[in-house]
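Chains L and P are the protein sequences, given in the same order. According to numbering that gives the first Met the number 0, the residues represented by the first sequence are 0 to 324, in order. According to numbering that gives the first Met the number 0, the residues represented by the second sequence are 0 to 350, in order.
Some hints here could point you the wrong way.
[What the hints assert, rightly or not] Quick list of the computed label-pair ranges, beta carbon to beta carbon:
#1 L/T296 with P/A216: 53 to 59 Å
#2 P/P273 with L/E278: 43 to 49 Å
#3 L/T1 with P/R203: 36 to 42 Å
#4 L/H138 with P/D312: 45 to 51 Å
#5 L/H162 with P/K306: 52 to 58 Å
#6 L/G181 with P/A206: 21 to 27 Å
#7 P/A305 with L/G73: 45 to 51 Å
#8 L/T296 with P/R244: 53 to 59 Å
#9 L/E278 with P/S133: 33 to 39 Å
[Stated by the list, open to error] Over 12 Å on every C-beta distance to chain P, these chain L residues come out as not near it, computed from the model:
#10 L74
#11 D84
#12 G105
#13 G124
#14 D185
#15 R196
#16 L197
#17 D203
#18 G227
#19 S283
#20 Y294
#21 V305
#22 R312
#23 R318
#24 T319
[Stated by the list, open to error] Which bits of chain P does chain L cover? Going by a derived footprint, with three or more residues having C-beta under 8 Å, they are:
#25 104-113
#26 127-140
#27 246-254
#28 305-314
Since the hints were made in silico from the structure, they are not lab data. Yeah, the Cβ is synthetic: ideal placement off N, Cα and C, and Gly gets one too.
Chain residues, written in single-letter form:
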Amino acid sequence: MTELTLVQAVNRGLQEAMRQDPDVLILGEDVGVNGGVFRATEGLQKEFGPGRVIDTPLSETGIVGTAIGMALYGLKPVAEIQFLDFIYPAFDQIVSELAKFRYRSGGQFPCHVVVRAPYGGGIKGGLYHSQSTEAYFAHTAGLKVAIPSTPADAKGLLLTAVHDEDPVIFLEPKRIYRAVTGEVPDGDHRVPFGKARLVREGSDVSIFAYGAMVPTATDAAATLALEGISAEIIDLRTLVPLDERAVIASVEKTGRAVIVHEAARFCGFGGELAAILAEKAFYSLKAPIARVTGYDTPFPYSLEHVYLPNTDRVAQAARTTVRAG
Amino acid sequence: MNPDSAVEPLSYTPEEAAAALGPEWTATLEKAYRWMALGRAFDARMQGLQRQGRIGFYGAATGQEAVNVAAGLASTSDDWVFPGLREQLVALVRGLPLEEYAHSIFGDALDPARGRQMPCHPTARPAHYVSMSSVIGTQISQAVGFAYALRHRRERGVVLAFFGDGATSSNDFHAGLNFAAVFDLPVVFCCANNQWAISVPAERQTAAASFAAKAPAYGLEGRQLDGTDFFAVYRELSMALRSARAGGGPVLLELRTYRLTPHSSSDDPRRYQPAGWAEEGARRDPVARLEAWMQAHDLLPADRRAKIAAAADTTVRAAVRAAEAAPPPAPETLTEDVYASRSSGPAEGTE
Numbered sequence: 000m001t002e003l004t005l006v007q008a009v010n011r012g013l014q015e016a017m018r019q020d021p022d023v024l025i026l027g028e029d030v031g032v033n034g035g036v037f038r039a040t041e042g043l044q045k046e047f048g049p050g051r052v053i054d055t056p057l058s059e060t061g062i063v064g065t066a067i068g069m070a071l072y073g074l075k076p077v078a079e080i081q082f083l084d085f086i087y088p089a090f091d092q093i094v095s096e097l098a099k100f101r102y103r104s105g106g107q108f109p110c111h112v113v114v115r116a117p118y119g120g121g122i123k124g125g126l127y128h129s130q131s132t133e134a135y136f137a138h139t140a141g142l143k144v145a146i147p148s149t150p151a152d153a154k155g156l157l158l159t160a161v162h163d164e165d166p167v168i169f170l171e172p173k174r175i176y177r178a179v180t181g182e183v184p185d186g187d188h189r190v191p192f193g194k195a196r197l198v199r200e201g202s203d204v205s206i207f208a209y210g211a212m213v214p215t216a217t218d219a220a221a222t223l224a225l226e227g228i229s230a231e232i233i234d235l236r237t238l239v240p241l242d243e244r245a246v247i248a249s250v251e252k253t254g255r256a257v258i259v260h261e262a263a264r265f266c267g268f269g270g271e272l273a274a275i276l277a278e279k280a281f282y283s284l285k286a287p288i289a290r291v292t293g294y295d296t297p298f299p300y301s302l303e304h305v306y307l308p309n310t311d312r313v314a315q316a317a318r319t320t321v322r323a324g
Numbered sequence: 000m001n002p003d004s005a006v007e008p009l010s011y012t013p014e015e016a017a018a019a020l021g022p023e024w025t026a027t028l029e030k031a032y033r034w035m036a037l038g039r040a041f042d043a044r045m046q047g048l049q050r051q052g053r054i055g056f057y058g059a060a061t062g063q064e065a066v067n068v069a070a071g072l073a074s075t076s077d078d079w080v081f082p083g084l085r086e087q088l089v090a091l092v093r094g095l096p097l098e099e100y101a102h103s104i105f106g107d108a109l110d111p112a113r114g115r116q117m118p119c120h121p122t123a124r125p126a127h128y129v130s131m132s133s134v135i136g137t138q139i140s141q142a143v144g145f146a147y148a149l150r151h152r153r154e155r156g157v158v159l160a161f162f163g164d165g166a167t168s169s170n171d172f173h174a175g176l177n178f179a180a181v182f183d184l185p186v187v188f189c190c191a192n193n194q195w196a197i198s199v200p201a202e203r204q205t206a207a208a209s210f211a212a213k214a215p216a217y218g219l220e221g222r223q224l225d226g227t228d229f230f231a232v233y234r235e236l237s238m239a240l241r242s243a244r245a246g247g248g249p250v251l252l253e254l255r256t257y258r259l260t261p262h263s264s265s266d267d268p269r270r271y272q273p274a275g276w277a278e279e280g281a282r283r284d285p286v287a288r289l290e291a292w293m294q295a296h297d298l299l300p301a302d303r304r305a306k307i308a309a310a311a312d313t314t315v316r317a318a319v320r321a322a323e324a325a326p327p328p329a330p331e332t333l334t335e336d337v338y339a340s341r342s343s344g345p346a347e348g349t350e
């Protein structure tokens, strides 16, 4: 065990994967000499050389297209997109190509690429360094979507992603890159996909969150506990595959659900969770499902503290559901 | 391919032909002609089937046979092909069985891709022919990544990246050529310029003097050549492959051809092609040009030519018969191959 920040855990995960398998390569903008603008790839080019930690020209479609070609051959590329906000030039490669290669080739061309991208608000990044658009990717069949919220999960989910057989969009909550530290197992630590993490057990209301919203939800649960409300916190860890069983089981126990994400509300991932609960846990619900989300606006600069769900908003939503029935 | 139609003659002496095709040049020529005849016959048959409603769609490569056959014959089994839209014949020359290709056009149970793609989108890993989408240009940067992998593993292969004139306007043309040149990778970029992106002519894709002229700006060499001249295409492709294999880096070949059939079965070129264009194209018919040259040099006697045509017809008919006899894909294949294992998907999904 080593005490690490989340971004250090990402770094150790990449290092471990590259030590395990010479076919693991990293490519992206500033990932080599500079070690990444967030230092997620710090020291890796020194250890593994410029042939495996590749500074590319500035083109997201080029980065992901190149990574796809490497994966079609059988390498295990990890592409870094500097901010999720800049991924859209590569959206065609991700949605039209990466997600569909296995299907359209009848399994002849599996295409396993990990696309890492820091995402989310809270760093005063304005419209183009803050967005949380995981729903685009979760909506696309063929992709998996993983979002860690702790240093241990950052390493464990990343190692699982690198050794998975399917393409993985790996979203890193940059707001908590350095805000939290935690014990991270050394060596080949893997956290399976599709297994939600029970952060805190509770009996009155289930709060579902992922990424940087997990600590926010956990803080809200502490506030609620002082008021006698017992909140259960579930960290989804992977949106695809989704641990549907854990989500439903929790609501069957508590009868109430609050869904928290930074992303805009309309067609956000919370809508899918709410629909699943309405379809499969309807008779357990004692109160309407509540969503605490970003606004249906572009991501603001000065008012980001208003835009982002905070402890108060999450706690208030939980209180409302508890009072409703 | 009417031998009497006035085609632009290929002006090669037998010595020049031998220099272009190598020591086994007459055998290569015979093989090339058979493949071109087969490609032409297959295209004609498929267009007929489409009009009869027996297949849903077809996009012929009529006019591009010299490029496709030369690429298939000049490349080695170590090389890989990333197709654009009309390179199916390259896959056939490289070993994709015609019957298997027919199954993919019919989208039946014996199609390796289970009928998931439209016709003309075959996938053939054993032939080193990569699965294509219908999106224009995306394969160009993928080809570059594949070449990176080949070099990483110290393999001898070179990647042939095909695309049309329209694709030179795409993001991935720019990204792909740029990355390939910066990383100095073994890629032969083949712009099969058939002069039309559906209805938009080549001069609407670029104001540059040619598509090949774009290459030097990326730091690689670009060469424009007559894509209806089998000798020229074979010679230049062989040279480019040899050079890339020896570490000479990427190159862009612009292969100028004439699209002699509509963009696809859903297209009507009378709406946009100027009068006389088809006639000009017919004079540059690559099959007719090669045929005329071979006849002029006594390399294709009439009976031999008839035999080749009959053999092509028989092969095509057998492939169609096999495909029409195959059942449609089983419904449960709908949800296969989305992920490596069926349980990996979002929830259960399909109940």
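Verification of the hints:
At roughly 41 Å, the beta carbons of L/T296 and P/A216 sit outside the given window of 53 to 59 Å. Restraint check, P/P273 to L/E278: a C-beta distance of roughly 59 Å breaks the suggested window 43 to 49 Å. Remark: the range hint 36 to 42 Å for L/T1 to P/R203 is contradicted by a beta-carbon distance near 60 Å. Distance hint for L/H138 and P/D312: a CB-CB separation of about 48 Å, consistent with the stated range 45 to 51 Å.
At roughly 55 Å, the beta-carbon separation of L/H162 and P/K306 lies within the given 52 to 58 Å, and the hint holds. Against the hinted window of 21 to 27 Å, the Cβ-Cβ separation of L/G181 and P/A206 comes to about 57 Å, which falls outside the hint. Roughly 46 Å separates the CB atoms of P/A305 and L/G73, a value that falls within the hinted 45 to 51 Å. Between L/T296 and P/R244, the C-beta spacing of about 55 Å keeps the proposed range 53 to 59 Å intact.
Judged by the Cβ atoms, the range 33 to 39 Å given for L/E278 and P/S133 holds: they are separated by roughly 34 Å. Listed as outside the interface, L/L74 is inconsistent with that label: its C-beta sits roughly 5 Å from the nearest C-beta of chain P, within the 12 Å cut-off. Look at L/D84: its CB is around 18 Å from the nearest CB on chain P, clear of 12 Å, so calling it non-interface holds up. At roughly 4 Å from the closest C-beta of chain P, the C-beta of L/G105 falls inside 12 Å, breaking its exclusion from the interface.
Every CB of chain P is more than 12 Å from the CB of L/G124 (nearest about 25 Å), matching its label as outside the interface. A cut-off of 12 Å between C-beta atoms confirms that L/D185 is not in contact with chain P; the least separation is 28 Å. Interface exclusion of L/R196 from chain P stands, the closest Cβ pair being 18 Å apart, more than 12 Å. Once the 12 Å rule is applied to beta carbons, L/L197 is consistent with being away from chain P; the minimum gap is 19 Å.
With a minimum CB-CB distance of about 26 Å to chain P, L/D203 clears the 12 Å threshold, and the non-interface call stands. With a closest Cβ-Cβ approach of about 34 Å to chain P, L/G227 is found to remain outside the 12 Å limit, as its non-interface label requires. Against the 12 Å criterion, L/S283 stays outside the reach of chain P, whose nearest CB is about 18 Å from its own CB. For L/Y294, the non-interface assignment is confirmed: its Cβ lies about 26 Å from the closest Cβ of chain P, beyond the 12 Å cut-off.
For L/V305, the shortest C-beta to C-beta distance to chain P comes to about 32 Å, beyond the 12 Å cut-off, and the non-interface label holds. Residue-level check passed: L/R312 sits 27 Å from the nearest beta carbon of chain P, beyond 12 Å. For L/R318, the condition that its CB be more than 12 Å from all CB atoms of chain P holds, with the nearest at approximately 30 Å. The non-interface label for L/T319 is consistent with chain P: the shortest C-beta to C-beta separation is roughly 28 Å, beyond 12 Å.
Counting residues of the region 104-113 of chain P whose C-beta lies closer than 8 Å to any C-beta of chain L gives 4; at least three are required, and the coverage claim holds. Beta-carbon proximity to chain L at under 8 Å applies to 7 residues in the region 127-140 of chain P; the threshold of 3 is reached and the given coverage holds. Against chain L, the region 246-254 of chain P contributes 0 residues with a C-beta closer than 8 Å to a partner C-beta. That does not satisfy the three-residue criterion, and the hint is violated. Figure legend: the region 305-314 of chain P, annotated as covered by chain L; annotation inconsistent (0 residues with Cβ-Cβ distances under 8 Å, at least 3 required).
Against the hints set out earlier in the document, violations occur for numbers 1, 2, 3, 6, 10, 12, 27, 28.
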